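Colleague: Residues per chain, in single letters:
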Amino acid sequence: MIPELGHFALILALGVALVQVLVPAYGLWRRSGRALAVATSAAQTQALLVFTAFGCLTWCFITQDFSVAYVTANSHSELPLVYRFTAVWGAHEGSLLLWVTILAGWTLAVSVFNRRLPADITATALAVLGVVSIGFLLFMLLTSNPFERLFPVPEDGRDLNPLLQDPGMVIHPPMLYMGYVGFSVAFAFAIAALVSGRLDSAWARWTRPWTITAWLFMTLGITLGSWWAYHVLGWGGWWFWDPVENASFMPWLVGTALIHSLAVTEKRGLLKSWTVLLAILAFGLSLLGTFLVRSGVIVSVHAFASDPARGVFILGFLGTVLGAAFLLYAWRAPKLVSEGELRLFSREGLLLINNLFLVVASASVLLGTLYPLVVDALQIGKISVGPPYFNAVFIPLFAPLLMLVGLAIAVPWKRARIGDAVRHLRVPLVATAVAAVTLPLVFQGSASLPVIAGGFLGFWAALTALQEPWRRIRAKTSWRAGLASVPRGTWGMTLAHLGLGVWTLGVVFVSSFSIEKDVRLSPQGSVELRGYEFQFQGVESRPGPNYDSDYGTVLVEREGRTVATLHPEKRLYHATHQMMTQAAVDHTPLRDLYVALGEPLDNGDWALRLYYKPMMRLVWLGGVLMVFGGILAASDRRYRPVRATETAVATQGVVA
Amino acid sequence: MRRWLLLMAMAALPALATADEAALDATQESRYRALTQELRCLVCQNQNIADSNAPLAADLRNQVQAQIVAGRTDAEITRYLTDRYGDFVLYRPPFKAVTLLLWLGPALLVLLALALAWTFSRRSQRVPPAATVDPEQLKKLLDEQP
Numbered sequence: 000m001i002p003e004l005g006h007f008a009l010i011l012a013l014g015v016a017l018v019q020v021l022v023p024a025y026g027l028w029r030r031s032g033r034a035l036a037v038a039t040s041a042a043q044t045q046a047l048l049v050f051t052a053f054g055c056l057t058w059c060f061i062t063q064d065f066s067v068a069y070v071t072a073n074s075h076s077e078l079p080l081v082y083r084f085t086a087v088w089g090a091h092e093g094s095l096l097l098w099v100t101i102l103a104g105w106t107l108a109v110s111v112f113n114r115r116l117p118a119d120i121t122a123t124a125l126a127v128l129g130v131v132s133i134g135f136l137l138f139m140l141l142t143s144n145p146f147e148r149l150f151p152v153p154e155d156g157r158d159l160n161p162l163l164q165d166p167g168m169v170i171h172p173p174m175l176y177m178g179y180v181g182f183s184v185a186f187a188f189a190i191a192a193l194v195s196g197r198l199d200s201a202w203a204r205w206t207r208p209w210t211i212t213a214w215l216f217m218t219l220g221i222t223l224g225s226w227w228a229y230h231v232l233g234w235g236g237w238w239f240w241d242p243v244e245n246a247s248f249m250p251w252l253v254g255t256a257l258i259h260s261l262a263v264t265e266k267r268g269l270l271k272s273w274t275v276l277l278a279i280l281a282f283g284l285s286l287l288g289t290f291l292v293r294s295g296v297i298v299s300v301h302a303f304a305s306d307p308a309r310g311v312f313i314l315g316f317l318g319t320v321l322g323a324a325f326l327l328y329a330w331r332a333p334k335l336v337s338e339g340e341l342r343l344f345s346r347e348g349l350l351l352i353n354n355l356f357l358v359v360a361s362a363s364v365l366l367g368t369l370y371p372l373v374v375d376a377l378q379i380g381k382i383s384v385g386p387p388y389f390n391a392v393f394i395p396l397f398a399p400l401l402m403l404v405g406l407a408i409a410v411p412w413k414r415a416r417i418g419d420a421v422r423h424l425r426v427p428l429v430a431t432a433v434a435a436v437t438l439p440l441v442f443q444g445s446a447s448l449p450v451i452a453g454g455f456l457g458f459w460a461a462l463t464a465l466q467e468p469w470r471r472i473r474a475k476t477s478w479r480a481g482l483a484s485v486p487r488g489t490w491g492m493t494l495a496h497l498g499l500g501v502w503t504l505g506v507v508f509v510s511s512f513s514i515e516k517d518v519r520l521s522p523q524g525s526v527e528l529r530g531y532e533f534q535f536q537g538v539e540s541r542p543g544p545n546y547d548s549d550y551g552t553v554l555v556e557r558e559g560r561t562v563a564t565l566h567p568e569k570r571l572y573h574a575t576h577q578m579m580t581q582a583a584v585d586h587t588p589l590r591d592l593y594v595a596l597g598e599p600l601d602n603g604d605w606a607l608r609l610y611y612k613p614m615m616r617l618v619w620l621g622g623v624l625m626v627f628g629g630i631l632a633a634s635d636r637r638y639r640p641v642r643a644t645e646t647a648v649a650t651q652g653v654v655a
Numbered sequence: 000m001r002r003w004l005l006l007m008a009m010a011a012l013p014a015l016a017t018a019d020e021a022a023l024d025a026t027q028e029s030r031y032r033a034l035t036q037e038l039r040c041l042v043c044q045n046q047n048i049a050d051s052n053a054p055l056a057a058d059l060r061n062q063v064q065a066q067i068v069a070g071r072t073d074a075e076i077t078r079y080l081t082d083r084y085g086d087f088v089l090y091r092p093p094f095k096a097v098t099l100l101l102w103l104g105p106a107l108l109v110l111l112a113l114a115l116a117w118t119f120s121r122r123s124q125r126v127p128p129a130a131t132v133d134p135e136q137l138k139k140l141l142d143e144q145p
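Protein chains in written order, with numbering that gives the first Met the number 0: chain A, 0 to 655; chain B, 0 to 145.
Calculated from the structure, these hints are not laboratory results.
Be aware that a few hints might be false.
For lysine to aspartate or glutamate, the following EDC-like pairs were computed, each having C-alpha atoms within a straight-line distance of at most 20 Å [unchecked claim]:
(1) 516(A) / 28(B)
(2) 266(A) / 375(A)
(3) 266(A) / 635(A)
(4) 516(A) / 82(B)
(5) 381(A) / 82(B)
(6) 413(A) / 265(A)
(7) 95(B) / 75(B)
(8) 516(A) / 598(A)
(9) 413(A) / 338(A)
(10) 381(A) / 24(B)
(11) 516(A) / 24(B)
(12) 95(B) / 375(A)
(13) 516(A) / 585(A)
(14) 413(A) / 467(A)
(15) 334(A) / 539(A)
(16) 334(A) / 265(A)
(17) 516(A) / 604(A)
(18) 516(A) / 568(A)
Anything over 10 Å on all C-beta distances counts as not near chain A; from chain B, calculated [as the list claims (entries may be wrong)]:
(19) 55
(20) 58
(21) 73
(22) 75
All values reported here derive from a predicted model rather than from experimental measurement.
Ideal Cβ positions, reconstructed from N, Cα and C, are used throughout, including at glycine.
Could you put together the complete structure from these sequences and hints?
Modeller: Structure, rendered in structure tokens:
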């Protein structure tokens, strides 16, 4: 009964989504305010229906309804309750339902927080979101129905993929999808601007908080995913340039560009058509990411459940939506005239160059991700494109980008003078150089040129980020008044750039000074790694809720004092007979000690993999700082409702 | 699906990921690490042979190690492997006709982007801002036309 209810809710949602698209379209054509207003109620009804369907599937998982094929495939009677929740999006069908649910959530938010928007813009945006929703609902109902029944009902399920039975996986997919799907709002606003032909700083001001919010969720999602891979994949890496990681990284890069381009459009009324193009691209790459992950064209860690028919559907949908968007862009974008001049040596000019680097970086990742597929399809060879390629391409693109970050903050809008920039940047430049040389010498006792160069870039981004609040605070008489005078948007920018710098430092240190050791140890045996004594205490068997664990114990000592007791595990899951590693990590801000259990050998010996990873935490901390920066920026007072005059102006434009 | 098979194979596998690294001196060991991290485990889903527990990866690791000990250069070892497995085994794609666009693409894109930014900036400075047109003057100008 409950599964049918969910299925029925999805079908109804599809019907309502059609209303959400067609009626406002009619309203735009006939200039009917009443027809436009239908968009809001249709969006809210659709959200209710989709949430119902999501609730139904969750209910099926909690009550272990093994008559539902998807539940059988992804659950088991022994599965702990928290993972029954997350199993909802543990595979293909449920991931799509999560996608549509989050889309419905974003659409609902647009329909509620739109008070300042002209009615035609709101209605167009909601209709565009409706089109996206129709595509995904159809996809689900035609090829991937999560509510399909199974007969005869099996006694037990096949269990959730053990890779996903990890706390990191509880929130990583929803956060990442919040980001992916969130870019659909910026896309919808961009299409609305093209349709209406109006794109001004008010439009940029509406779009900015939505875009920043999507971006911060995506940042969080990627950071969590990286953290999860670090702990669960057991290889000590945190970024593999895996196609699926690239699929989330590409829209992130373009989304970052979009945030900055929106700033220029709002402040200076420039780069209008470029901003619209970026909004289309960011969403296009989100769809492409979904296609790459869900269609099975790439073999990767994450592409469980793949099916060519589904790939064809998504590709067709991708082609239709983006094709239509680009046609509309080609037709209408020339009308979006940017007024005023743009000098390259000014804040907007440097932001434009930053934008181009971000987009080229994204395009390069796309090139590397798709190149092997294209070469294979054309039957002119079979190649692999892996981390060596991406690092070789990415570092030369990222280094100038980081230098530009510091420079762009230091120069004013409109027109900058080189002398002023040099005067502003003198102090940070010297501080950066000193810190870049000192830090590796103090903590590692050595400093090679790549480390100093990398450290320089990290410190440069971090220290120059502090300039803007510093300048504002110094302009006031007391530092307290100064602190209060710094707007949240500025704090947001500062934190995010600080995060970028911190992240860079972490990456430089981890990749330059990590020490790895593969060892064979017998119980009570020990091995030394950079001053730390790892004592292997042996492995015992321990039962888990739905797995049996080889539970290792490793005592870490330094100068005779116990630093940590680590418990790396290998878990054999009952239902799937799959083996999973759980690495154990002891961390301080300055270093991670990482132990993963390898294979059992003869005589009770074990193979172990040990790592010393300096400043690993900075990589995550950088991500978290960016997220907090995003939160502050998105909640800046400028974006909050409402100044009476603006509302009046907005409503005047209703049936324009 | 292949991953599950692989994981099951790993579970059943008595051999281990660690090569006997004691046989290598410090320079050889760093070469060994660098090489094994850039070689693809052919039966795995996107994993290098340093990280993989698959039997084939263990076999390739031993090959690499034996050849380093035998005094062969990195280039010779790489050629030996590509002769047997093709370019697919290399995570760093070789620079040749097929990969020309792959390696040069990013640089071309940067040049194109900078050229675009420059022309865009030049053009925006040449066009006088629309707001400075005085409607009365414009009218006068138009009226003067015969």
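Colleague: All hints, please: hold or fail.
Modeller: Okay, the hints, checked on the actual structure:
{"no.": "1", "hint": "516(A) / 28(B)", "in the structure": "11 Å, holds"}
{"no.": "2", "hint": "266(A) / 375(A)", "in the structure": "46 Å, violated"}
{"no.": "3", "hint": "266(A) / 635(A)", "in the structure": "15 Å, holds"}
{"no.": "4", "hint": "516(A) / 82(B)", "in the structure": "31 Å, violated"}
{"no.": "5", "hint": "381(A) / 82(B)", "in the structure": "13 Å, holds"}
{"no.": "6", "hint": "413(A) / 265(A)", "in the structure": "13 Å, holds"}
{"no.": "7", "hint": "95(B) / 75(B)", "in the structure": "18 Å, holds"}
{"no.": "8", "hint": "516(A) / 598(A)", "in the structure": "15 Å, holds"}
{"no.": "9", "hint": "413(A) / 338(A)", "in the structure": "12 Å, holds"}
{"no.": "10", "hint": "381(A) / 24(B)", "in the structure": "35 Å, violated"}
{"no.": "11", "hint": "516(A) / 24(B)", "in the structure": "14 Å, holds"}
{"no.": "12", "hint": "95(B) / 375(A)", "in the structure": "16 Å, holds"}
{"no.": "13", "hint": "516(A) / 585(A)", "in the structure": "16 Å, holds"}
{"no.": "14", "hint": "413(A) / 467(A)", "in the structure": "17 Å, holds"}
{"no.": "15", "hint": "334(A) / 539(A)", "in the structure": "71 Å, violated"}
{"no.": "16", "hint": "334(A) / 265(A)", "in the structure": "18 Å, holds"}
{"no.": "17", "hint": "516(A) / 604(A)", "in the structure": "16 Å, holds"}
{"no.": "18", "hint": "516(A) / 568(A)", "in the structure": "18 Å, holds"}
{"no.": "19", "hint": "55", "in the structure": "15 Å, holds"}
{"no.": "20", "hint": "58", "in the structure": "15 Å, holds"}
{"no.": "21", "hint": "73", "in the structure": "13 Å, holds"}
{"no.": "22", "hint": "75", "in the structure": "19 Å, holds"}
Consistency note: the structure conflicts with the earlier hints numbered 2, 4, 10, 15.
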